[in-house]
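Chain order of the listed sequences is A and B.
Going by this note's numbering, the first sequence opens with residue 1, and the numbers climb by one from there.
Going by this note's numbering, the second sequence opens with residue 668, and the numbers climb by one from there.
Keep in mind the hints are simulated off the structure, nothing from the lab.
Be careful, since some hints might not be right.
To be verified - Below, a sample of chain B positions facing chain A; criterion: calculated Cβ distance under 10 Å: (1) Ile682; (2) Thr752; (3) Asp754; (4) Arg771; (5) Asp777; (6) Asp781.
What you are looking at is a predicted structure, and each value in this text was computed from that prediction instead of being measured.
The beta carbon of each residue, even a glycine, is placed where N, CA and C say it ideally should be.
So you can see what is in the structure, the chains are spelled out below.
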Amino acid sequence: MGKNSNPNTYSSKERERFKLGQQAAQIGTFEWDIRENKIEWTVELETLYGIPPNTFSGTYHDWIQFIHPDDLIQVEIQIQKALYSKAPYQSEFRIIKPDGSIRWILGKGEVQYDKHKNPVWMIGVNMDITERKQIENNMRFLSQASKLLSSSLDYIITLETVAKLAVPHIGDWCAVDIINEHDEVELVAVAHSDPEKVQWAKELRAQYPINLSDQHGLANIFRTGKSELYSVISDQLIKNTARNEDELRIFEEVEFTSVIVVPIKIRRKTIGTISLVATNQHRHYDQKDLEMAEELASRAALAIENSRLYKTAQTAQKNYESLFQGMADAVLVVDEYGYYLNANPAAEKLFGFKLKELQNMKIGDFGGEGSATDGGLSTHFAQARANGSYQSEGVIYRKDGLPRQIEVHTTYLKQDRRNVFSSVFRDITQRKELENRKDEFLSIASHELKTPVTSIKAYAQILRKYVKTEERTSEYVKNLNKQIDKLDQLVQDLLDISKIQSGKITYNEEEVYLNETIEDIVRDMQHSTDTHIIQTYYQAANVLVQIDKYRFSQVLSNIISNAIKYSPQSDHLIVSTAHTPKTVIITVQDFGIGIPAEAQQHLFERFYRVEGKVRESFPGFGLGLFIAAEIIHRLNGEIWVESTEGKGSTFYIELPVTGRKKRKSSV
Amino acid sequence: MNQSTIWVVDDDESILQVISIILEQEDLIPLAINEPQKVVSMLETHPIPNLILLDVLMSGTDGRDISRTIKNHHIHKSIPIIIMTADIQAEAKASEAMADDFIRKPFDIDELVDKVKQHLHTGITT
């Protein structure tokens with residue numbers, strides 16, 4: 001206490017007690033003789049300001065030397081106010097101690113005046129409030145960071161903002177590492193007051209990625225999930241942590257003074273870390289800073305988890321949407337009362353109704369005009385409701401009245417607010433048609449194959465049982481041969497079809513003169529018929545084509561024999577060739593019964609046979625034209641038909657001309 | 668036994684031929700019919716046959732329909748009908764056709780002859 005002029009008097013015991021109290025509370029007192037400009041500090045106050053006892057030089061000017069330049073003006077204003085407005089003095093300010101460390105001080109004082117009301121004395125206290133300020137600072141940061149973390153669903157951007165916010169009040173460096181989808185530690189955010197240093201840190205990390213199997217540093221925290229606080233960084237610690245010479249040099253360059261690393265945990269799994277680094281040698285993190293950092297990490301974890309959940313949900317929604325929109329099967333969502341809620345494009349296509357139209361319809365509305373049935377859909381949905389899911393087949397009618405065979409699989413979904421049916425419709429019309437055709441084919445095939453076999457077997461037995469004369473024998477053997485040839489042709493067709501199906505048909509392509517080839521085939525076919533004359537017209541020159549002679553002859557023979565077969569009332573047919581710039585077209589025209597328009601488009605399909613009254617006595621598998629089309633397509637050609645019922649049919653085969661090749665080589 | 672007339676109905680010429688040869692050898696009189704749709708009307712204009720051998724799967728016509736028409740006729744129903752089929756479910760086809768019997772293709776001559784004679788015999792006694 002002051003040596004003299006102190007207006008207050010205390011017993012020595014009181015003084016001693018007062019002194020102890022001051023030390024414990026980190027409080028120092030001062031007395032300021034304003035007129036003499038002389039300030040007296042207690043030893044406690046000197047300790048507070050970091051100077052040895054009895055060394056304070058004693059003027060107002062000497063005092064304000066300690067005050068942080070940023071706070072000085074504010075302090076002086078408060079002093080002036082107290083001196084002339086008679087209000088008690090109070091201000092919070094930072095001081096810089098001689099060792100360079102910064103402390104927060106709360107100053108309080110009261111002024112005494114003379115009878116002219118001029119200020120004479122100021123008596124007051126200074127209190128070290130650094131710790132309180134630090135907590136306030138941390139709390140303010142935490143509150144701002146929390147707001148940021150909940151502000152956006154893009155957590156990487158958020159974490160960057162939080163890291164920036166931490167600098168410089170919480171640390172000189174702030175970094176956030178997250179384990180990414182490749183299970184690598186990724187530095188997602190780093191902040192320092194100097195952008196160059198940020199860049200440097202990023203490059204450093206790229207050069208030395210964190211290896212999760214390392215024993216030190218971040219890897220250790222990822223493994224243990226425990227926070228680490230290094231209040232004071234020793235040289236030994238740096239040596240232990242550095243993984244190599246380079247890193248050691250870098251660590252020394254950074255001049256760490258204090259470090260906190262806390263794990264970011266989601267459901268007990270460490271998915272990231274937040275690192276706070278101080279490089280100011282007077283800043284040392286303590287338990288309170290660690291608690292703050294842990295709180296920050298837990299809030300960051302929440303934000304990351306929310307963001308990830310949102311992203312997952314969003315991705316799932318997007319996946320579902322693209323699946324729904326893009327899938328080939330028709331999907332309809334139906335409500336509890338049977339009304340359609342949603343339909344995908346495939347459903348619009350299947351039913352021929354637009355989504356908006358469907359949304360005004362009920363499940364029974366596909367039963368067809370005036371139909372008492374609903375394609376079995378009412379029963380189907382009732383079953384789905386009862387069993388949770390149901391699958392059935394039925395027939396529905398499109399908007400244009402066309403019936404479609406469908407297979408429906410419905411799941412009854414019990415949802416929070418309302419229950420819905422989700423139905424997948426598959427158009428199985430074609431499949432059913434093919435199945436029917438296949439069944440029909442099998443029955444035709446067995447009939448067709450067994451017919452010649454029946455004759456053959458019968459002839460063989462006739463020869464054994466009844467025939468005695470040689471004349472008869474030769475006649476029956478001739479018949480036998482004919483039946484065997486027929487059987488052979490049927491078997492050949494079957495073999496071809498199975499080869500085509502398994503892709504094993506082989507083609508021996510060669511360049512041949514087309515007209516000559518056709519002439520050969522026509523000559524052979526002419527020998528096999530005594531009912532029809534085959535006329536030929538070669539409008540195209542004798543061009544070269546690249547074909548398998550055997551397969552081509554198979555196709556043309558088949559078409560010519562069809563033409564003969566289906567024109568029993570006529571006596572001739574015409575085979576001709578014509579040119580286009582790059583192709584040649586071969587036509588086979590008959591004047592027979594013709595082919596119904598509906599049948600023409602299916603003519604080249606497997607197992608297809610023309611139905612209806614015109615289907616007279618024309619046996620066969622219905623494979624010939626399918627095989628023909630397969631062969632022509634393999635020869636890079638096209639095959640099609642034009643026909644009028646009752647007037648006849650014309651088959652066209654278009655093949656690419658390869659004759660130019662010859663011209664080119666001669667140039 | 669007087670010579671019986673057998674109508675053989677099939678859309679395949681070779682089958683008609685072999686069956687005719689066999690029936691002739693057995694002293695029966697075959698009538699080969701390759702236009703199945705005419706069978707029913709022929710019953711009105713021709714002497715009634717003693718038996719009909721009828722193919723099932725013929726282009727444009729189903730032998731079962733012909734058989735049923737005959738079997739539903741008040742007079743013609745007594746004509747024995749044996750259907751001929753390559754189908755493994757020959758028995759079912761026969762009952763669908765209301766036919767008296769069936770024979771599987773390809774057949775043994777003896778089996779064919781036996782069945783024909785058997786039905787000619789029962790046809791006469793009933």
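Interface restraint verdict for B/Arg771 against chain A (beta-carbon cut-off 10 Å): 9 Å, holds
Interface hint status, B/Asp754 versus chain A (Cβ within 10 Å): 7 Å, holds
Evaluation of the interface hint that places B/Asp777 against chain A, nearest CB under 10 Å: Constraint on B/Asp777 satisfied, holds at 8 Å.
Hint check: 10 Å Cβ-Cβ cutoff, B/Ile682 to chain A: 6 Å, holds
Closest C-beta approach of B/Asp781 to chain A relative to 10 Å, hint status: 13 Å, violated
Restraint satisfaction for B/Thr752 [CB to CB of chain A, less than 10 Å]: Since chain A brings a Cβ to about 8 Å from B/Thr752, closer than 10 Å, the hint holds.
This entry does not satisfy hint 6, going by the numbered hints stated previously; all others are met.
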